[in-house]
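Visitor: Chain by chain, the residues:
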Amino acid sequence: SAVISQKPSRDICQRGTSLTIQCQVDSQVTMMFWYRQQPGQSLTLIATANQGSEATYESGFVIDKFPISRPNLTFSTLTVSNMSPEDSSIYLCSVAHRGRGYNEQFFGPGTRLTVL
Amino acid sequence: KQEVTQIPAALSVPEGENLVLNCSFTDSAIYNLQWFRQDPGKGLTSLLLIQSSQREQTSGRLNASLDKSSGRSTLYIAASQPGDSATYLCAVHHGSGNTGKLIFGQGTTLQVKP
Numbered sequence: 002s003a004v005i006s007q008k009p010s011r012d013i014c015q016r017g018t019s020l021t022i023q024c025q026v027d028s029q030v031t032m033m034f035w036y037r038q039q040p041g042q043s044l045t046l047i048a049t050a051n052q053g054s055e056a057t058y059e060s061g062f063v064i065d066k067f068p069i070s071r072p073n074l075t076f077s078t079l080t081v082s083n084m085s086p087e088d089s090s091i092y093l094c095s096v097a098h099r100g101r102g103y104n105e106q107f108f109g110p111g112t113r114l115t116v117l
Numbered sequence: 305k306q307e308v309t310q311i312p313a314a315l316s317v318p319e320g321e322n323l324v325l326n327c328s329f330t331d332s333a334i335y336n337l338q339w340f341r342q343d344p345g346k347g348l349t350s351l352l353l354i355q356s357s358q359r360e361q362t363s364g365r366l367n368a369s370l371d372k373s374s375g376r377s378t379l380y381i382a383a384s385q386p387g388d389s390a391t392y393l394c395a396v397h398h399g400s401g402n403t404g405k406l407i408f409g410q411g412t413t414l415q416v417k418p
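Chains G and S are the protein sequences, given in the same order. According to the numbering used here, the residues represented by the first sequence are 2 to 117, in order. According to the numbering used here, the residues represented by the second sequence are 305 to 418, in order.
Be aware that one or more of the hints could be misleading.
[Unchecked claim] In silico DSSO-like pairs for lysine-lysine, Cα to Cα no more than 27 Å straight-line:
1) S:Lys346 with G:Lys66
2) S:Lys417 with S:Lys372
3) S:Lys346 with G:Lys8
4) S:Lys305 with S:Lys405
5) S:Lys372 with G:Lys66
Think of the hints as simulated: they come from the structure by calculation, not from any bench.
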């Protein structure tokens, strides 16, 4: 399985500021993803982070609000820009990796963001 | 549009019981299905992955089944323990190819009482 770390693990931010979340994987992976889990809700895919090209965003998510970088096959960042209290969520990075079956998905520990 | 539903939303059982968690999905065109466990305030731990061509997978006390034609999966937990208390999430990898996009259910929160 893939081992994924995220930084920071949690943060409390002021409205209007931005936060960059880092995701590091212990092996090279083709596909990396960013998910959001709002309080009491399940996970929703924000975007697919593509190495060497722009991220692919899901409906309802835009690059200006959630810019993503993917400089290599083991690292990605997600920025939450111009934050509002509605952005308070857990943000999770995941990768598709050959596990017990092809393309099993593994998740990082998440970044718990609170916006005041 | 693919939708994933999990029933029940919450479940409380005494230790030692066998239990079944249910997951249903509206579109049978799935690539695979995964069951995850999430502890409060934590990330997700992958429990079982079932490919679309498979009927079931087993890991220890866990057994997951898949009936693609009826849009259903079940997670069977044998001899439940207090350490099994967590939220269990079902997610389908939608589509015929490997897009990596998982669509999640709302989860079943399980409490196993000693």
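Visitor: Holds or violated: Lys346 of chain S and Lys66 of chain G, Cα atoms, limit 27 Å.
Guide: 25 Å, holds
Visitor: Does the structure keep Lys346 of chain S and Lys8 of chain G at a Cα separation of 27 Å or less?
Guide: With a Cα-Cα distance of about 14 Å, the restraint between Lys346 of chain S and Lys8 of chain G holds, given a limit of 27 Å.
Visitor: Is the straight-line distance between the alpha-carbon of Lys372 of chain S and that of Lys66 of chain G 27 Å or less?
Guide: 37 Å, violated
Visitor: For the pair supplied as a hint, Lys417 of chain S and Lys372 of chain S, is the alpha-carbon distance within the 27 Å limit?
Guide: 33 Å, violated
Visitor: Within 27 Å, alpha carbon to alpha carbon, are Lys305 of chain S and Lys405 of chain S?
Guide: 13 Å, holds
Hints 2 and 5 from the earlier list are contradicted by this structure; the remaining hints agree with it.
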